[in-house]
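Peer 1: With chain A fixed as given, assemble chains B, C, D, E and F onto it according to the hints.
Residue numbers (the working numbering), protein chains in the order written: chain A, 15 to 344; chain B, 15 to 344; chain C, 15 to 344; chain D, 15 to 344; chain E, 15 to 344; chain F, 15 to 344.
Because the hints were derived from the structure by calculation, they are not lab data. A couple of the hints might just be wrong.
Identical copies look the same in the list; a pair holds intra-copy or inter-copy alike.
Said to hold, decoys possible - Below, a list of computed lysine-lysine pairs in the PhoX-like style, where the Cα atoms sit at most 25 Å apart: (1) LYS164 x LYS56; (2) LYS222 x LYS108; (3) LYS222 x LYS260; (4) LYS244 x LYS108; (5) LYS225 x LYS40; (6) LYS106 x LYS225.
These numbers come from a predicted model, not from an experiment.
There are 6 protein chains.
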Amino acid sequence: MKSFLYPKINPHSFAWVRPEGRAPEKVHEWIQPLDGAADPEKSKEAEIIVVGVPLSRSSISASGASEFPDAFRRAWKGFTTYNLDEDIDLAKMKALDVGDVPLHVTDIRRCHENIIEASEALHSHFSNSKVCAIGGDHSITAMMVKGLQKSKPGERIGILQFDTHFDLRDMSDNGPSNGTPMRNLIESGVVEGSNMYNIGLHGFFNTKDLKQYADEKGVNYITLGRARKKGIEATVLQCLDELSAKVDTIYLTVDMDVLDIAYAPGVPASTPGGMTTAELLEGVLAAGRHPKVKAMDIVCLDPLKDTNVQPTVKLGTHVFLTFATGVMLR
Amino acid sequence: MKSFLYPKINPHSFAWVRPEGRAPEKVHEWIQPLDGAADPEKSKEAEIIVVGVPLSRSSISASGASEFPDAFRRAWKGFTTYNLDEDIDLAKMKALDVGDVPLHVTDIRRCHENIIEASEALHSHFSNSKVCAIGGDHSITAMMVKGLQKSKPGERIGILQFDTHFDLRDMSDNGPSNGTPMRNLIESGVVEGSNMYNIGLHGFFNTKDLKQYADEKGVNYITLGRARKKGIEATVLQCLDELSAKVDTIYLTVDMDVLDIAYAPGVPASTPGGMTTAELLEGVLAAGRHPKVKAMDIVCLDPLKDTNVQPTVKLGTHVFLTFATGVMLR
Amino acid sequence: MKSFLYPKINPHSFAWVRPEGRAPEKVHEWIQPLDGAADPEKSKEAEIIVVGVPLSRSSISASGASEFPDAFRRAWKGFTTYNLDEDIDLAKMKALDVGDVPLHVTDIRRCHENIIEASEALHSHFSNSKVCAIGGDHSITAMMVKGLQKSKPGERIGILQFDTHFDLRDMSDNGPSNGTPMRNLIESGVVEGSNMYNIGLHGFFNTKDLKQYADEKGVNYITLGRARKKGIEATVLQCLDELSAKVDTIYLTVDMDVLDIAYAPGVPASTPGGMTTAELLEGVLAAGRHPKVKAMDIVCLDPLKDTNVQPTVKLGTHVFLTFATGVMLR
Amino acid sequence: MKSFLYPKINPHSFAWVRPEGRAPEKVHEWIQPLDGAADPEKSKEAEIIVVGVPLSRSSISASGASEFPDAFRRAWKGFTTYNLDEDIDLAKMKALDVGDVPLHVTDIRRCHENIIEASEALHSHFSNSKVCAIGGDHSITAMMVKGLQKSKPGERIGILQFDTHFDLRDMSDNGPSNGTPMRNLIESGVVEGSNMYNIGLHGFFNTKDLKQYADEKGVNYITLGRARKKGIEATVLQCLDELSAKVDTIYLTVDMDVLDIAYAPGVPASTPGGMTTAELLEGVLAAGRHPKVKAMDIVCLDPLKDTNVQPTVKLGTHVFLTFATGVMLR
Amino acid sequence: MKSFLYPKINPHSFAWVRPEGRAPEKVHEWIQPLDGAADPEKSKEAEIIVVGVPLSRSSISASGASEFPDAFRRAWKGFTTYNLDEDIDLAKMKALDVGDVPLHVTDIRRCHENIIEASEALHSHFSNSKVCAIGGDHSITAMMVKGLQKSKPGERIGILQFDTHFDLRDMSDNGPSNGTPMRNLIESGVVEGSNMYNIGLHGFFNTKDLKQYADEKGVNYITLGRARKKGIEATVLQCLDELSAKVDTIYLTVDMDVLDIAYAPGVPASTPGGMTTAELLEGVLAAGRHPKVKAMDIVCLDPLKDTNVQPTVKLGTHVFLTFATGVMLR
Amino acid sequence: MKSFLYPKINPHSFAWVRPEGRAPEKVHEWIQPLDGAADPEKSKEAEIIVVGVPLSRSSISASGASEFPDAFRRAWKGFTTYNLDEDIDLAKMKALDVGDVPLHVTDIRRCHENIIEASEALHSHFSNSKVCAIGGDHSITAMMVKGLQKSKPGERIGILQFDTHFDLRDMSDNGPSNGTPMRNLIESGVVEGSNMYNIGLHGFFNTKDLKQYADEKGVNYITLGRARKKGIEATVLQCLDELSAKVDTIYLTVDMDVLDIAYAPGVPASTPGGMTTAELLEGVLAAGRHPKVKAMDIVCLDPLKDTNVQPTVKLGTHVFLTFATGVMLR
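Pulled out of the complex, with its shape left as it was, chain A reads as follows (with noise of 0.2 Å):
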């Protein structure tokens, strides 16, 4: 029986045998899937939304990033819900997974405009909690953030990226593909160039007229060389206070292609010189603690393309628990 939310947002293909009778311990067993029974009052207790947006045809290159939603869930059973580090459980936060944006296999504009409804049906019904959409491809994030404005009229929305592309493509080429997301979002006005921060910048991944046109546009950004001497955790929080000081909702994306190739094998843009794993948990755990972050995005993952054990899967995977983590400790 399909959810409140249908058609919006459509039930996922499968789910996970809870626990019966004793509290969750593994985070399949914690995060519940908004069944067709639920009530819409009552979800809204919920701190914590994921919402798989399974896009990737709207990839310059062939990507199978369609399939993390999934691989995202499957990899759940591997993760208690206690974090030993910061001795917390995230057990006691509610946690909802709503299902996937439902999308078309051949025209691309329709998929995005399902995604900006989606976003803003989920940014409505659940004002309170953190929406973390797991892409899909880096296009999904133009198409969420439009969605929170719509559902926020009139407030300012900020961006923390980590990446190692501006993406700030000229989508006069090729449309709204993922190496454009930050300029879709400036050219339509819903976020200004100067509330965006992009931290991972590094090497030969970037042709100089973006950089041109990221200057032009104020957009602020910090090397990994950069941020990697002024320490990640620190970089991030002067990056959220100089953004909190001019927007009112900050919205973190985290396009895994910020990490070192050796770290996230099932990224085929991630690049030799980036980030390691420890500096990126680390940086999404300090913008998870931010009172202003009310959303985010893990895009870019291809599962078709991982190593044998999966590590980019579950990398992907511990990303979106430490931002919970984040969220639980503000």
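Peer 2: Relative to chain A, chains B, C, D, E and F alone:
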């Protein structure tokens, strides 16, 4: 410098260094790229035209079939032009690689239109040549055939299809995806169902309603089991015989998922119980020899999923060379 | 909520979302999980019972065959219920997935006892159904058959086995491992050697003393070479004919290592020179059609060793569907 | 011919050809197999004893860690005996490979008893040597320590553990699996909780009740985060200092899952956010130098899951050589 | 201690532990290493001589075929000595593994000379045995045959070759590489072209000039297509019949690239459209039975490229055992 | 048409299609192939010369490093010319890819002579450019340096080496293999031991006698441990300072096996405990900036062993671009 076919066809991304002062021995020495200085009239002498159609974002499942045209070109180096079984040398035929159909990242409809235009342009210009489209997913077949028809208005076109699937899905669900090309051609009136012959259906890979649709439209199909009993070559010959009586031009489409998955690890939709390599090559050779077969394609081969020594990319290349052998044997 | 079979059978770990308001088209829409609210009496209508037996720590070599039941369930999504070769739709038969036999990590004897109990419970309750055990390693066969016998005391049981090995190793060496099931059944008096028929032996994969033991006990075996000469279907039919004259119930066991290693990279014990996929499917279909075949299993398939596109998991699933087709054709 | 340790220890399955007439340069030339003709008394001179414990059917998840002892031996060829960092040559120490503990396929309890007996025999005979057990899964640690205690009744034993997990699961659930060794030792009174020091815990890989049990029993643990801040070497030294004041003998157990999954693709339980190779080697060297460390093990490394060039097998071997370096530096 | 064949043959790098007090059951228990204490005269009783020829730096393409001799020896453990198809036990024949031909890293000519010397020494000493050379790449065949001829001056030698290629390339281009062995033997006068029989040629894998050279020299070849029509066994028997009438000794060379790439992922030069495993084993068995076949080799199998469960290494080992079966059946 | 460097340098096997009418943005658009029509004088303006040296049959272990030059060229497409960290655009420097050194299949000595001649020709013609040799195995370094010396008689040459090994093996054992280049240069009097600086030695990967030889010859080495303590950049700067005082020209050789195996799965000789990517790039950048560094090479990277998304090929390419950045920053 771009060729006279530009902007309908782009130059491909790289070119092999060719031999000086001796006849070609390997395939990459034989097939000439169509460069910017080429004389349009002289180019018409080519008997074989290769065109890349690197589109797979129209695929229902995540697919890297878009990478096959380049993988195919890189594989040429591993094949000689001399066919020992038939004792003929393909190098005596002229073959041109005209490049790739230009595509768009986020507008699949425009991609399809581009393919139709490119096909029409190729069939108009190279009216005596065999046009070989290297996909890409199966959605391209409908577009290549539509372009063929536009170039030869009034001609009746028939199709010989090697496939595990009908590819007769309803376009109203998800548009012209890789599950729909045959229905697309029927519904658009380009090819009649009764002029379609499908060889290779088997197992649990088609829903019942597709079979009912096929029956309604008079689509002809010979399951793999029946084809094996009769003999693959005999089956193909009989289909071509029947078709010849009804149409002016026959289009051959080779969906590589017709193969058993043991032979085609790089075709995600291949299945247990499919054709062997020897069977497919036997069928393609027979088709290549038939005078009414004027065009063909090879689709749904995803090199990103192939195993270590690239067996499927090599097999896809062999299918093309076998077709060319058939053409030369006419 | 646990079903009426609990604690003999656990619910499995996840469930597919099922279609609303239309007939099932894919296998994951067809096979119903046995949920806690199920009516025991009504459940008996099911013609096919699937039970997972995820035990492989009893395997001589390190094995991940314990992961097959879940891999098998996940693979359903890739198959329709409609068998095109036979033009029948499995969805017209009722099929239940009752879950997994509960197992213990370090007490293999207890695991085996649990399997016997589960098998007895299933055969007692679903006395008109075909019980399909999804292994796991081959040690489970002895236990499934013992449970079958307990549920039908006094009946004579025969076995049709597809295997590269005799599986007649001496249990006094290493207990009831995956090398011993047939000897286990002979020595425990559950099945007579002369009521066992093994198809598929070949090559250098059995020691001579096992062959001598087989001869002493009157075990029937047809090497792959001889079966090929006679025809696989004809061989199976003859074995079933002979068996029918001697026993009340026939148990079919498919050790996936009977396959040639080119067809079954995910079966570590598969070998060069084994059966092709087409041969195995032909044999299983013939077995499935025989009215005395009341139970079957599929064993020794290790999804952790399968290659990229999961050819062996898909093949194992196809074996099950082919058996079900046989049942429906009876 | 079997050695004087038979039947408590079997010869291993193969032996390297050793150099004639020159000193050993590679590890496979240095470590001597204990052959049947060896003089028991003379053998006691060995400072390093290697014993294989190829048991992993006691692992909660399907594991091929049983294959590590042989993979470890095959890897010796890739390492010299000369440690360039410390400018010492291990070849000056005598090292013996005594073979493997005999195991049973289906009786895990018997396997565990055999390990206890083998450990006792080794520690009794080689009372001045360091016994290095090459696992196998982590269940073997409890057994190796029990054997050690039997050989030295009355001595207090402490444990230094590198691990992502507590390994304090309740044995009443699933017996002495690889999740339980530390609890096993506490509950059997062999090692007090307060004499256990765990370095490396982090993330979401332990349930909260295990942490509570650890606290109740006074188990000492330093999370990876805290160890990093203090320095790995300093952390190890402080643990060893504290332990030295309380116990007579220290046992070092290296669960390879303490490593970040990027460094240990061949350890299925390794996780994102774990130790780097450099950190683990630094810790193991410090432990190896401590005079009270008399025994060690390396567990949970599954060579069947390692990637192409065997990074994890090489790393496991390096851990052993680093420990031996520490011993030589004492 | 080195054997009496040293320095022409080195001991191989490791030895299996052999059974005590019982007959061998597995291949690694059967084939005896030739150790330093072996009695030269007594050693002549061996019917089968195995020698490793780990040379592949003479390969045109980068090759790890040098690793096959050791991979072959490690694979023995997976095979029994008992051939069930023929009901014979190889353990009744004496088999010796004499070790490896010593090779040089940067002087390929010296490698080739060493192989000639080793072959001569083996054929001289073991004049009644069948010498089986385990390559290495195909360049070794010319050297093994030259050594054979030196040991039997005046005898006429013929060759039966399973191969996808002629291996008749011109040595003046790149020296005696793996593309040249047959031409090498013709040009050096060791074997006449008319005494060479090649079975398995097919497809686009030979340039036309090689076919012309073959025709000029009278080399006999039966394409795979023709051999299939006649039957592989019948084809082999006819070739051997013809050869017997012309020569004293027949050398069998099995280039593993004759196999279809689906069966031989570990042979980089294998191709789509090649032999099946069953066909090759049928051919090798027939050759092994012929009394004039005195030597054989297996070449061009690169274990570094094999897939997970080592299908090609297992198949290469099976080819050897099948040949030995033929010898025993004489 | 072959360039003026022919026959000392062959054209490489393929060429990228270059942009028309706009500045290059990607590396494959920037680096110009040296085609046959190039003006020799004008070509001297190039600051960076790329030459492929696809030799790895001189490698001690089986190696596919011969495939790196082409893999390197194919990887260019994935990198922009703009270095964001330093805010400079490489496209402002002229770079030429002159092709590959011609090699022989079976005569390694001739290969080495060809490399010396090619190096001499390049350094003579492009006397103000930085010549970057893309290996191939480490044996090529001795040859490239010998050619450099021939082109600049009387100049003193020094070497900065990143390596896990000394590469000082004795050539009398196995000739000028990849284990010998530094010794080769010392013994041939081309470079004095005291003018060699090796950074990165660690662990158990050099025999003691090599260290003793290094000490005798005054070779300078800084182990990875010591370099880390001092800082990689500071270590490199100090080595270059010392070298500058002693030599006229510095040659940088980057043996990719200096990397930790987690970062370099495509370097079979990489080891646990090696450099991180960030460390190597830091070191190479510092070296590239030094005015006396006139030539460099990248060796021992085997693309055939790289994992799925080609992390090591990408890293090798990044090393080159980082060196070029250093050159531009001079």
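Peer 1: Any hints this thing doesn't respect? Which numbers, in order?
Peer 2: 3, 4
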